[in-house]
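There are 2 protein chains.
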Amino acid sequence: MAAKRNAVTTEAPESSAPGEGTALALDSRLSKRVESVIPKKRHEALKWFGWGYNDSEFYGQDGIICFRGEKYPLGGCELPSFTKWVEHKFDLRVDTTKPFPQLPRSYPRPVENAPFLHELKGTTQVEYSLEGIDRLVRCHGQTLNDIYSLWHHKFRRIPDLVVWPRCHDEVVQLVRLAHKHNVMLVPFGGGTSVSGAITCPQNESRMICALDTSQMNRLLWLNRENLTVCFESGIVGQDLERVLRGEGLTVGHEPDSYEFSTLGGWVATRASGMKKNVYGNIEDLVVRVRMVTPSGTLERECSAPRVSCGPDFNHVIMGSEGTLGVITEVVLKVRPLPTVRRYGSLAFPNFEQGVLFMREVARRRCQPASVRLMDNEQFMFGQALKPEKSWWASVVDAMKQRYVTSWKGIDLNQICAATLLFEGDLKDVQRQEALLYEIAAKFQGFPAGGQNGERGYILTFVIAYIRDFGLHQGIVAESFETSVPWDRCSLLCRSVKQRVVSECSKRNINYYTISCRVTQTYDAGACIYFYFGFRSTDVTDPVELFEAIEHNARDEILSCGGSLSHHHGVGKIRSHWYRNAVTETGSSLYSAAKRHLDPKNIFALGNLLPLEEAHPQAEAPPPPPATSSTPPKAKL
Amino acid sequence: MAAKRNAVTTEAPESSAPGEGTALALDSRLSKRVESVIPKKRHEALKWFGWGYNDSEFYGQDGIICFRGEKYPLGGCELPSFTKWVEHKFDLRVDTTKPFPQLPRSYPRPVENAPFLHELKGTTQVEYSLEGIDRLVRCHGQTLNDIYSLWHHKFRRIPDLVVWPRCHDEVVQLVRLAHKHNVMLVPFGGGTSVSGAITCPQNESRMICALDTSQMNRLLWLNRENLTVCFESGIVGQDLERVLRGEGLTVGHEPDSYEFSTLGGWVATRASGMKKNVYGNIEDLVVRVRMVTPSGTLERECSAPRVSCGPDFNHVIMGSEGTLGVITEVVLKVRPLPTVRRYGSLAFPNFEQGVLFMREVARRRCQPASVRLMDNEQFMFGQALKPEKSWWASVVDAMKQRYVTSWKGIDLNQICAATLLFEGDLKDVQRQEALLYEIAAKFQGFPAGGQNGERGYILTFVIAYIRDFGLHQGIVAESFETSVPWDRCSLLCRSVKQRVVSECSKRNINYYTISCRVTQTYDAGACIYFYFGFRSTDVTDPVELFEAIEHNARDEILSCGGSLSHHHGVGKIRSHWYRNAVTETGSSLYSAAKRHLDPKNIFALGNLLPLEEAHPQAEAPPPPPATSSTPPKAKL
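So the sequences go chain by chain: A and B. FYI, in full-length UniProt numbering the residues of the first sequence are 1 to 636. FYI, in full-length UniProt numbering the residues of the second sequence are 1 to 636.
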């Protein structure tokens, strides 16, 4: 931790000049470059072939799964229960001999746009690289497909060039040059996308330039009176929070990827954070944002907290998924660090009771910073992740005891659990705790200890590493998510799991896991997260199979009234459904905005709408007028 | 009140079919038409020449200002203090003999598009009127300019036709016909706009058709499990709340206009409600919304509470101000009615202390349903509105007593007051009260009684009537508003008032009032409301003069870091600044969206961007690429 060294005190001077942000940012002495945990050569710290740090991973030793890596509390632990769970679930033995993937010996030959390169070198100070490894580690996100393609050297098309602009103005230069010379740009932040959004389109014939925002990670100003802060978009979540913590502040935005994902990525994908109940999702946190497009910089001119000034284009920037421009600077709200943080957990006799509890908590709007409900399968999986010798108490033990003493009806195959995180001042936290446990009791829930809650949240950041371990062992796995109105919540969870079971059965997949959790609650509904994985050792194309089943699961989600995505975004892997989700009128409006802001389609990532639809070669004719012969639209 | 009669129980059946809204709305037996307090012939209940009900008004009798109208608690009251305040402030005697304006003897000759009318009559069931009075009362909103133009029969251009569609599908028919025959449409809701947004463009040569949404006011469904409700857009605020109250529910959206403004208008203008701290502004309340455009119906296909599905076009519909289409149906969040409602008030030695209090309340996020801070001028004005014999205690009396007993430093010319409204359950309200009073004490504030608070909120709905009384007496007055970061809040209030004073002085205006209040608080700033009025008896063109000064005040607001509008919207009277507010890129993106959705510009209201800019005759050429020679943009 470098909190001390990175501490910044760019306090706003006594306000007087118009436009706080303007005045402050123009004085570049006030901005501070943040030393990132992620080096410019990202592969020096991060795996080129998977998730996370080079020095952190699950591995097998003497038939036992262990975790390596001092960065996480699980580091150095043996996991015999997890080993048993894996072996039982997938009917396999942990293999400790398999080799890990090797870097390719050569890289795809770059497409070079000589006039662009010439002008880049001659007229700008922008740093760049043509090296293969730099290009490879920026050609993808973190979908199963991405990682599988990496392992098997399947990428035909990777960026031909990587550039590292250092500020908004250099991005303006780059976008101008790319537009002029018809070079495709990929805004690249943390590379944690799980929607295929930053994966290079494999049919692009133009030069592809990955625009890495990592060197654009300054804190431009901090205003304590307004509790607002301005960062460049390339700052990584953990860097951002570390810097603010040194000031006694927090943004409080913690998507599961926040160690590696960037502010710009959060905005572009409409990210949601674990603690949104206190701090808000990204749309609640953003005060201002700048996006550089080929048609100019899109932004709002004032920092007022709420305006009525026509359509809110911040909401076009949010969700643009790299297809409209490059996000360069963001003004966010900050909060004082909470004085108290406490964990808790609850057990419920079954998932339906847990959902009723979650619904009641949302109805009374008494959500703590985070409350998550795991189904039985996920709960058992979490229990299995307990290290052999740990300070963590066993929920199951507590449960069994309870079962004998007072709770006759409990069934360990039905039981589910909620984890709780409270943040605030002591009085507020105590009141919240009391209220939550009171509500839980109405739904046959009972406290299962703070340690179990804490463990749930600690595991959040480790679970992402399991996917790569699974892949290595011959298990393909991935998560997918949705949001849904309350009255469809239990139904959707049940139906999607049933659908996956039946799709597996159809395909003779006998060893798999499918589980879900409710991770966010809102007034009108909830976010549901699914984990799905199966043994793929006896399968020819495991990724294709996985995607086919996930496709069916998504159809089921949609038919149950769920959304296309709560926070992962559409990207490429959900673009099939985008038009239906926003209607024909919505998708054509997106295309019109895209054509206007990016007339040459240099941001040709092909998210949301498949490429040919978003950007037909010829200018689209004006849309036909609404006619009475169009199929009648359902009422809301 | 007809709560009983209008009670509805369109409970959602057990969820099973996909897409709650779809299934429910298709079963038209579940929807209920709501009997509105506003008749279809709106002038039968509402003033044709000003604000509000025909039977409610300020008037002079025997030299004393009185209020007529049983609909308000002030009904039947004499207001001697107010009379004195007016006479002193504006150096005039209340005139009780002046005649009120008369309806014009004739109306502008309608422009008729015969093929359109022919098809309207032949192929649709849509009700319509060509009568002069129906057209006149739908040609305007409630700006000073609008009302002055009405009184003096100045409108050259009014709608040529009024239509009353009864549902979404009839709107689709109308938009299709208007697009086909090139007829201009004005979506008309409650007619309460104070931005000029629904005022007919005076140079329109095509037939203008006012599309009155008042007959489209059904409750389509109510879902208690999700706490969501779907209304047609024409429902008036008070009707909506009355119907829901019968169900034990509330939306809680109360803009000052809510007696007369409509749900569709709230969405189109990004409305803000008095009680947004509990219930949210319109963008927090809307779950789904449908807008009919010439290019199709824009809507989101699912009712999930939060999604990441590309740009959020709900935020393009919100703020569209009638220029992109007609909003027809809206799904809103509802809440259980609060069990407790309490009022309170606080007095502070000066405005700056009051602002510090407001800022601290926002910082600690402990805002009650409403908290408003009035400056000294507005506080005194409010005191003057006390009826002669009322049950209301006098704050000033309380103050004076306090002054003698303990508070040596108080100055009645500096004092300011905050009004408080608490809603929730008893325990929450009590805790909020205690905390608010504790914070107030830190800023030298002290409680000034619940009755004074209640009076403040009751007056909210009466104050709008004063403008017409003033106009009748030779005083022109209007409010304008902004939002601003906290660190500019006091500065902005001071500077704008000084600017108005100096502009009045330049123009030899000696009798005027300028005051402000902080009406909303947010994490990062506040909403400020200004009241400005002057005696215009010795002035040739009072409205032109008023607008010139308001223009200067807006320049001052913007230069202090304030926004173009917090909730009134841009309309026509602030379109001068729109491009700067959203930057060139933003305004051209608006134009591109407009051209796409409404290629013939049938929604030609000319809001946001002046007409010729939003819709140049020729298709605009593709925008030039960003060049380095463009003036450098300030950083955020």
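Misleading hints may appear alongside valid ones.
Copies of the same chain look alike in the list, so a pair counts if it fits in one copy or across any two.
Unchecked claim - Distance condition first, Cα-Cα at most 25 Å in a straight line; then the derived SDA-like pairs of lysine to any residue:
no.: 1; residue 1: K32; residue 2: N350
no.: 2; residue 1: K442; residue 2: L249
no.: 3; residue 1: K40; residue 2: K506
no.: 4; residue 1: K427; residue 2: C366
Keep in mind that the hints were calculated from the coordinates and are not lab data.
Now for the hints, and whether the structure bears them out:
1. For the identical chains of this complex, K32 and N350 are neighbours neither inside a copy (51 Å) nor across copies (39 Å), given an alpha-carbon limit of 25 Å.
2. Taking the shortest Cα distances, K442 and L249 sit within 25 Å of each other only across copies (23 Å), while inside one copy they are farther apart (37 Å).
3. Taking CA atoms no more than 25 Å apart as the test, K40 paired with K506 passes in neither setting, with 47 Å inside one copy and 60 Å between copies.
4. For the homomeric pair K427 and C366, the shortest alpha-carbon distances inside one copy (14 Å) and between copies (14 Å) are both at most 25 Å.
Of the numbered hints stated above, those contradicted by the structure are hints 1 and 3, listed in ascending order.
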